[in-house]
Every structure is written in structure tokens, then in C-alpha cells.
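J.: Listed below, chain by chain, are the residues.
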Amino acid sequence: MLKIINLHAKVEGEKTEILKGINLEINQGEVHAIMGPNGSGKSTLAKVIAGHPAYEVTDGQILFNGEDILEMDPDERARMGMFLAFQYPVEVPGVSNSMLIRQAVNAVKKARGEEELDPLEFEDFIAEKLKLVEMDEKFLDRSVNAGFSGGEKKRNEILQLAAMNPKLSLLDETDSGLDIDALRIVSEGINSLRSEENAFLLVTHYQRILNYIKPDKVHVLMQGRIVRSGDSSLALELEDQGYDWLVTETHVNGEA
Amino acid sequence: MTVNEENKKTHYLKELQLASSPVKTGVSVIEQARLKAADDLSIWDLPSLRDEDWKQFPLKPLVRKHFAPAPVNSGIAHSDIEHALITEAASARIVIVNGYFSPELSNVDKLPTGCYAGPVSKAPINVVDQVNNFYGKVAQYGRDAFTAFNTAVTHDPVIVFVKKGVALENPIHILHVTDASDASVYTAPRVFIYAERHSDSTVIEDFIGKGEHAYFTTSVSESVLEDESHILHVKMQRETAEAVHISRVASKLGRGSNFNSYMISNGAKMFRNEPLSLVDAENAHATIDGLVLVDQDQISDTHSTLDHLKPNCTSHQLHKVIANGRGKSVFNGKIFVRKDSQLIDAFQENRNLLLSKDANVFTKPQLEIFADDVKCSHGATIGQLSDEEVFYMQSRGITKSEAIQLLTYGYALEVIENIPVPSLREQLSYNVAAFTGASIEAKDIV
Chain A
13 MLKIINLHAK VEGEKTEILK GINLEINQGE VHAIMGPNGS GKSTLAKVIA
63 GHPAYEVTDG QILFNGEDIL EMDPDERARM GMFLAFQYPV EVPGVSNSML
113 IRQAVNAVKK ARGEEELDPL EFEDFIAEKL KLVEMDEKFL DRSVNAGFSG
163 GEKKRNEILQ LAAMNPKLSL LDETDSGLDI DALRIVSEGI NSLRSEENAF
213 LLVTHYQRIL NYIKPDKVHV LMQGRIVRSG DSSLALELED QGYDWLVTET
263 HVNGEA
Chain B
330 MTVNEENKKT HYLKELQLAS SPVKTGVSVI EQARLKAADD LSIWDLPSLR
380 DEDWKQFPLK PLVRKHFAPA PVNSGIAHSD IEHALITEAA SARIVIVNGY
430 FSPELSNVDK LPTGCYAGPV SKAPINVVDQ VNNFYGKVAQ YGRDAFTAFN
480 TAVTHDPVIV FVKKGVALEN PIHILHVTDA SDASVYTAPR VFIYAERHSD
530 STVIEDFIGK GEHAYFTTSV SESVLEDESH ILHVKMQRET AEAVHISRVA
580 SKLGRGSNFN SYMISNGAKM FRNEPLSLVD AENAHATIDG LVLVDQDQIS
630 DTHSTLDHLK PNCTSHQLHK VIANGRGKSV FNGKIFVRKD SQLIDAFQEN
680 RNLLLSKDAN VFTKPQLEIF ADDVKCSHGA TIGQLSDEEV FYMQSRGITK
730 SEAIQLLTYG YALEVIENIP VPSLREQLSY NVAAFTGASI EAKDIV
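As given, the protein sequences belong to chains A and B, one line each in that order.
Quick note, the first sequence lines up with residues 13 to 268 if you use our numbering.
Quick note, the second sequence lines up with residues 330 to 775 if you use our numbering.
Derived from the structure by calculation, the hints contain no laboratory data.
Incorrect hints may appear among the rest.
Heads up, simulated SDA-like pairs for lysine to any residue below, C-alpha to C-alpha not over 25 Å straight-line [to be verified]:
1) Lys729(B) with Glu103(A)
2) Lys22(A) with Lys729(B)
3) Lys179(A) with Lys686(B)
4) Lys686(B) with Ala66(A)
Pairwise CB distance ranges, derived in the manner of DEER restraints [what the hints assert, rightly or not]:
5) Pro749(B) with Lys150(A): 42 to 48 Å
6) Ala139(A) with Lys439(B): 50 to 56 Å
7) Ser715(B) with Asn203(A): 48 to 54 Å
8) Asp71(A) with Ser730(B): 42 to 48 Å
9) Thr728(B) with Gly41(A): 39 to 45 Å
10) Glu149(A) with Gly443(B): 51 to 57 Å
11) Pro749(B) with Tyr224(A): 54 to 60 Å
12) Gly242(A) with Thr728(B): 36 to 42 Å
C-beta: ideal position from N, C-alpha, C; glycine also.
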């Protein structure tokens, strides 16, 4: 579903590369976790895949369902079935949550050649999704993320994810700042959305969320490179030992 | 500038005034003010671009044209104003056509006993007493030719009088219509609002036009608030694209009173708003928020004055602007805190959103504080939408242009959402959406 080949990227207008040759392949039905210390490039990777305009890809390819998406705008990628759950969801005063989500859902439906939802149909449609993230319907009438608590913002991201039903979901530190209840709700929401048809990429600093969502593969990103990949036991190793041993190891191997 | 042009300018408003034949009101203070203002017009000049307060508001488009007094018999029918009507104000609607009160289009049957809304010539004696006490004393504009012009040529001012202790359930809608279907005309509507103690009211002053010709509106509104009264005042300027609109909204606040004013402007070729709030007793609060939408060659000019004359008061001014095309917006917000006005909390913010390279914004907060124990915050920002916001929307499958429309709509709504009249909020939301090109459904309105 997603194939990343030798991806290099930097902040637009700056010299230092943040991603220095990423290779990654995610297949349908898989959940991958990207872990790594602060500043390793995890969030950058998620944003580059989604098409954030602040980054410039200097080399490599990103293939989504076999198509090279690097020249595509973020909204085209989204309409193709990609979704980014933000680490810091943006507040949009004056635009109601229901307005944003309905337009988002209809944009995707239109791209798929499906019938768009009118406001009444949307009401029924979204009611189901609200249950999934245990959100009250009054959140729909409020401005997007404005005045939401940290946990509410993250749940709202998962609500949007559920509504848009993407093929590939990129979750950028969705677990950070969540209390244990919110983490459970968010994780259960994601688990119930997992299927053989879609895939998830979880970017996370901590192993904690992986107690709830079991990944098929775990990758460790350090200094812009994937330094190790493994199954879910790798996450536990990192939890026990931190990242330092990997630094030493990569250094010994002369890869740093 | 040649001597000839200079002369022509000097006498411009005087010439217009000489052509007028204002309706006699029978109210002495108004008739006296009229005579004095007519004399003042012989002496007072129109401001020129050399005048600091007017240098961004060229009056040439005005003085190049001849405007005749708008005639009393106009063909304005119910169908011409239907789009602007406010459901909640169905039984408290005053329609002024070309400056004349229209009994056919107005409906003020259901006001509570002791309250009045209508022309001063028909007002009860106790109401006229307050007019005599305060008319022309709140709208203090010094040597200002436009206020003088309005005072001299206005017909039969609209009076709103809210009796002591009465909380009006429904808003009062004063709809000023100018008919420029047949010729270039001028109108000079005038409103006087008097709120007795402990009263609570919402008054909407609304300006629309009809026809393709240019027209010129000079409006003056005065509000007097007795102790602990509340007025929520909305001024909507949605004139036609050929209009020149110059307006003053003045208020004088009593002890513990509240004057909350929201000015929404998106019509006219060029317009100027001059809010003036005299916070003249303790524990009073004034809000003068504004929303300006300018596109093409529209010019908006706001010169506001918030005058804290007494201690222990608060004020709020959020002035938001969206400028597109070659639109130009000017903001000069004066806040005075007088020497003995301690413990004032004044907030001022001017935010400007530029949607095109050719749009222009000038902003000048002007705080003059003579007391030493006050809290006054002010800020002015000029910018575009943030990339992060646009990217957020795009990552939801919404195209960049749709994202910009939605975000602009949201930006404008921060002012609109304070207006406690649902059908008006709805109309304004559609206006804003039309301006930004955002597509909204009735359900989306906050």
C-alpha cells in the first residue's frame, strides 16, 4: 500500500536534512509503529508522507497504491485515502466541527464516485462514529478543536479518521498527552477501525500505546534513518533499555 | 489643486443642504440644531487629504458627483426589503425610505407600554423631553462638516425609548433604505436611542440601497444609557456597490450601564465609521467591535473613540478586517483614559486578514492614558491565513481554495457570533460565506 524508497527530506529553505534515506513498506492489513527519540525525524516522516508544504523532498520516492504521490497536494493524497492525525490538532474558530467533517467526508466520497451525504444523512452517519470515540454530539456544533482539552482534540482526530475511512492512517504521536482513559478510548477506536483493507502507521515516542494496539512491525528511527526493524517485541526492548544501546550499536557498525 | 476646485469643495455640503427641504419635527431642540448646523456648513470645510484623520479617505469620488435630496415618494415596496428583514423583529420594525418614515413598511405595534419606537414628530411628550435634553450632545464631533450636514438636512429622526425596568423581548430593527433607481441622491438618517434605568434592549440599525446610481448616506446615531441599562447595538452597512456611506455611532454611558456595539460593514464603494463611546460614569462597560469586508476597490475607514471619563470601567474593541482584491481598510482606534479615571480595563485589538497582494491595510492604535493605575492592552496584526491551518484542512481532503474560504469564514464569525439574534446571525453568515465563497448549510451556522 505504501512504499517509501530512499526518502530524503529537509525543511524548505534550510540545508540540514532531517530524513536521510528512509526505506519502508507497509502492506494492507498491517500496523506499523515508528519509534525513536525526540528529534529523530518521526513526525517529519508522517508530515512528509501527508504532503506538508513546510518540507522539501530532496531525493527518493513515496508510492501510495503504486502511484508516485510526491507531486500531489495534501488534499489529493487525502482524497486517495490517506489520513494524518495531527500531533497538535489545529483550532479553527468559527468553523463548526460538523461542517469540517461533513465537507471532508463528502470530498472523499466524491473522489470515490460515491453519493455525497446531505446534512440529515450526515447526522445519522456521524452519530455512529461519535459512539466509537465516546464523544457527545455537542462537540459537532462547537468550533473545530477550539477550547477542546488535549484529550478531546485527539479523540476528535480519531472521529475524523473514522468518518473519512482512509486506507492509510498516519497517527502522529496520537498518544502523547493522553491520560489513561483517553488513551484507552483512542486505542479502542483505532482497533475497531483496523481491517484487512487498511493500514496504520503509528508514530510514537513511548511504548505505552503499543500495549493497546499491537503492531505487526516496529521500526526505530534515529537521526533520520531507520536503524532497526522488528516485531512488537522490539518495542518492549526499547521500553526496558531506552534508545542508547542502539546509538552505540549503530556507531559500532559504522552506520552513524 | 486649483483655486476653483478648492472653492467648490468648501461649498459642497452647503450646496447639497441648500437643495434640501427637511420635514418639520415640531421639536425645538432639533429645529434649533438644524439652523445652527446650516450656518456652520457655510463656514466648515470638508476635510482634505492634508487632514491626518482623512488622508486615507479621498473625498474626490464624492465631490465629483452631484447628489440631489432623495425624494419622499419612492417606489420601494415590501418585496424590495424582504431579503433584509429580521424574523425576530417582525413586530418592531421601522423602515425609513430615503430618510422618510414609512408607515406602510413599518410595524411597531407590539412594543411594551411606555416604550416608543418611531419618528420624533409622533413621540409622546416624556420621550420628547429626553430628546430635548440630549439631542446632539452625545454625537460630539467638533468641527465636523458631515455631522453638521446630517443635523441640518435630516428629516424626522427615529427615536427609540425603552422604559425603566423593561427588557425588550425582541430586537428593534431600523432599516434605512435608499432608492437610487432613478438618480444620484443623498440621505441623512438620524437615530436617537434612550434607555431608562434597568432597561435592556437590542437595536439593529441597517443600511441597504436599491438601484444602479451612486448615492451618499450620512448617518448619525446617538444612544443615551441611564444607570444600569443595557443596549446591544448592531449596525449593518450593506449598501449597494455605488454608495458612499459616512456614519457616526455615538453613545453616552451611565453608571453600571452596558453598551455593546457590533458594526458589520461589507457594502458601499467607500465607507467610514466613527464610533464614539463616552464612558461617563463608574462601573460601565462599552464594547465596540467591528467586522469589515472589503473587496475590489472598496475603501473602509474606521476612526473610533473610546473615552474613559470616569474610573472603574471596562471596554472591549475587537476590529476584524478581511481585505481582498484592491480593497483598503484603515483603522484608527483612539482610547482616552482621563487623569482621574483609575482602574480602567481597556482591551483593543485590530486583526487584519489580507487575501490578496493588492489589498491594503493601515492600522493605528492610539492610546492616550493620563491615569496611572489602569490596564490597557492593545494589538494590531496584519497577516494571511496560517499555513498550518490550511494544511490541516487540506489533509482532510478539502482543496486549498476551499480551505481558505472556510478559514476566512471562521475568522469573520468571531464577531458575528456575539449577536444574539439568530436570524440575523444566519443572514450575516451567508453574507460572509458569499464574500469568501465558502459553501455553508443552514446547519453549519454557529
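J.: Hints first: check each against the structure and report whether it holds.
T.: Hint check results:
Straight-line distance between C-alpha atoms of Lys729(B) and Glu103(A) comes to about 17 Å, which keeps the hinted pair within the 25 Å bound. Distance check on the hinted pair: Lys22(A) and Lys729(B) sit about 23 Å apart at the alpha-carbon level, within 25 Å; holds. The suggested pairing of Lys179(A) with Lys686(B) is violated, with an alpha-carbon distance near 39 Å, which exceeds 25 Å. The straight-line distance between the Cα atoms of Lys686(B) and Ala66(A) is roughly 21 Å, inside the 25 Å bound, and the hint therefore holds.
A C-beta distance of roughly 19 Å is found between Pro749(B) and Lys150(A), which places it outside the suggested range of 42 to 48 Å. A hinted range of 50 to 56 Å for the beta carbons of Ala139(A) and Lys439(B) is inconsistent with their spacing of about 40 Å. Distance hint check for Ser715(B) and Asn203(A): the Cβ-Cβ separation is about 34 Å, which falls outside the suggested range of 48 to 54 Å. In this structure the supplied range 42 to 48 Å is violated for Asp71(A) paired with Ser730(B), their Cβ-Cβ distance being about 31 Å.
Take Thr728(B) and Gly41(A): their Cβ atoms lie about 30 Å apart, and the range 39 to 45 Å is violated. Separation of Glu149(A) from Gly443(B) is about 44 Å and departs from the stated range, judged on CB atoms against 51 to 57 Å. As the Cβ distance of Pro749(B) to Tyr224(A) is approximately 45 Å, the hint placing it in 54 to 60 Å is violated. Checked against the given bound of 36 to 42 Å, the beta carbons of Gly242(A) and Thr728(B), roughly 40 Å apart, stay inside it.
In the structure shown, a violation is registered for the earlier hints numbered 3, 5, 6, 7, 8, 9, 10, 11, in ascending order.
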